[in-house]
Structure formats: structure tokens, C-alpha cells
Amino acid sequence: KAGVTQTPRYLIKTRGQQVTLSCSPISGHRSVSWYQQTPGQGLQFLFEYFSETQRNKGNFPGRFSGRQFSNSRSEMNVSTLELGDSALYLCASSLVQGANEQFFGPGTRLTVL
Amino acid sequence: AQSVTQLGSHVSVSEGALVLLRCNYSSSVPPYLFWYVQYPNQGLQLLLKYTTGATLVKGINGFEAEFKKSETSFHLTKPSAHMSDAAEYFCAVSDRGAAGNKLTFGGGTRVLVKP
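If you read the sequences in order, they're chains A and B.
Using this note's numbering, read the first sequence as starting at 1 and increasing by one per residue.
Using this note's numbering, read the second sequence as starting at 1 and increasing by one per residue.
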């Protein structure tokens with residue numbers, strides 16, 4: 001089975017722009033979660049989608065949004081980029097919700113200049 | 001709010017020596033507990049998890065962890081370090097009964113293995 005894939009792997013944007021990151025979960029997985037990883041704040045939960053519905057949301061401003069499609073693929077969008085949004089964005093998929101193993105993708109490295 | 005504390009942001013061990021990484025959680029109700037490893041420029045890989053049952057959990061690559069409710073701890077150990085164990089390790093928890101998979105992570109411990 002193919003693992004979790006994230007595209008693009010690297011991205012450079014300037015302040016004020018917006019960006020969309022994509023995540024394809026493992027085939028059959030219906031839950032997709034997003035995390036932001038920075039040296040200063042560590043790993044922080046952004047949001048989780050299950051069956052196209054946002055089930056959980058972390059403490060991030062409204063500039064961060066996401067969605068999930070019927071094939072379980074997910075996208076996250078960040079509008080009006082700030083320098084502090086530079087981070088590794090990780091996507092994780094899981095078969096269902098609960099105490100199941102989450103499989104992480106390699107991440108998208110976003111640099112905001 | 002749930003919090004996870006990993007004691008020591010950096011640990012240096014000699015090859016063949018014991019690896020001990022400490023993790024403590026804050027909730028009064030024991031959560032689900034996980035250890036993940038991250039190699040440079042990669043995502044996270046699950047080493048092991050504790051949900052219920054036996055408190056000593058064995059994972060991949062020779063790692064194991066013991067859940068101690070009285071100490072609210074879930075420390076990770078490996079009897080003999082290998083050069084390939086050099087990586088960053090994250091302890092994470094998720095709330096029991098919560099409708100979702102939200103993980104709360106500790107700050108991470110970077111392991112350096114000396115030859």
C-alpha cells in the first residue's frame with residue numbers, strides 16, 4: 001500500500017500570499033489530520049477531517065482552513081501568509097477515529113519570505 | 001488542557017548504551033499514549049502505543065515503554081543504542097473517549113549516538 005503523500009514537498013511564498021497544501025491518505029483511510037511543526041512551538045494540531053466533516057480544530061487563526069473530499073483527500077489553505085507561518089506541515093491519516101495509529105506523510109516545508 | 005512534558009531536549013548516548021527518554025502527561029484520566037520517531041526531512045513514524053492492557057509495551061526497532069499511572073509517565077527505553085537510532089523522538093497523547101484523533105505532542109528529544 002502506498003503511504004501518505006503530500007504535495008508539494010517544498011514551497012516558497014511571500015507575505016500576504018495564500019497557499020494550498022494537499023494530502024492523499026492511505027487507501028481506505030477516512031480520517032486526515034494536519035499538524036504544524038516549528039522549532040519554537042513544536043508540533044501543534046491544526047484540524048482533523050473525517051468523512052468530509054471537520055471533527056476537531058486546534059487553536060489557530062481563521063486564516064488556516066481545510067477541507068476533505070469524498071475520496072478522503074484533504075487540502076489545507078493558509079491565507080494572508082505571515083513570516084511565522086513558515087513551518088513543516090504534516091498530514092496524518094488513520095483508518096477511523098479513536099486510538100488508532102496515525103500514519104504521517106513526509107510533510108510540506110513552507111517558507112514565507 | 002492536556003500537556004506532555006519530555007525531560008531533556010537533547011540526549012547523547014554511546015553506541016551500545018541504554019537509551020532512556022522521559023515523558024510525563026498531565027491529565028488525571030490516563031490518555032492513549034504514543035511514541036513517534038522523526039528522522040531528518042521525514043515525517044513521524046510510530047514506535048509504539050499504549051491503549052489498554054499490559055503496561056509494558058514493545059515497539060519496533062527494539063524500543064519499549066512502560067506506562068506508570070501513579071507517576072503519569074510513559075518513558076521510552078532501548079537497552080542498546082545503535083547509530084541508526086539518532087533521530088528526534090516525540091511522546092504524544094490523545095484523550096480517551098474523545099471524538100477524534102487529535103494528538104498532543106511533547107517538545108521532542110533529539111538523540112545523538114556517539115560511536
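The set of hints was computed from the structure by calculation and includes no laboratory data.
The beta carbon of each residue, even a glycine, is placed where N, CA and C say it ideally should be.
Any given hint could be a false lead.
[As the list claims (entries may be wrong)] Label pairs and their calculated CB-CB ranges:
#1 56/B x 18/A: 32 to 40 Å
#2 68/B x 101/A: 18 to 26 Å
#3 62/A x 28/B: 30 to 38 Å
[To be verified] A short list of chain A residues far from chain B (calculated; beta carbon distances all over 10 Å):
#4 8
#5 12
#6 71
Results of checking the hints against the structure:
Checked against the hint of 32 to 40 Å, the pair residue 56/B and residue 18/A fails, with Cβ atoms roughly 48 Å apart. Between residue 68/B and residue 101/A, the C-beta spacing of about 22 Å keeps the proposed range 18 to 26 Å intact. For residue 62/A paired with residue 28/B, a C-beta distance near 32 Å keeps the hint of 30 to 38 Å intact. For residue 8/A, the requirement that its beta carbon stay farther than 10 Å from each beta carbon of chain B is met, with the minimum near 14 Å.
Chain B leaves residue 12/A outside its interface by the beta-carbon criterion, the shortest separation being 16 Å against a cut-off of 10 Å. Every CB of chain B is more than 10 Å from the CB of residue 71/A (nearest about 19 Å), matching its label as outside the interface.
Hint check: a violation occurs at hint 1 only; the rest are consistent with the structure.
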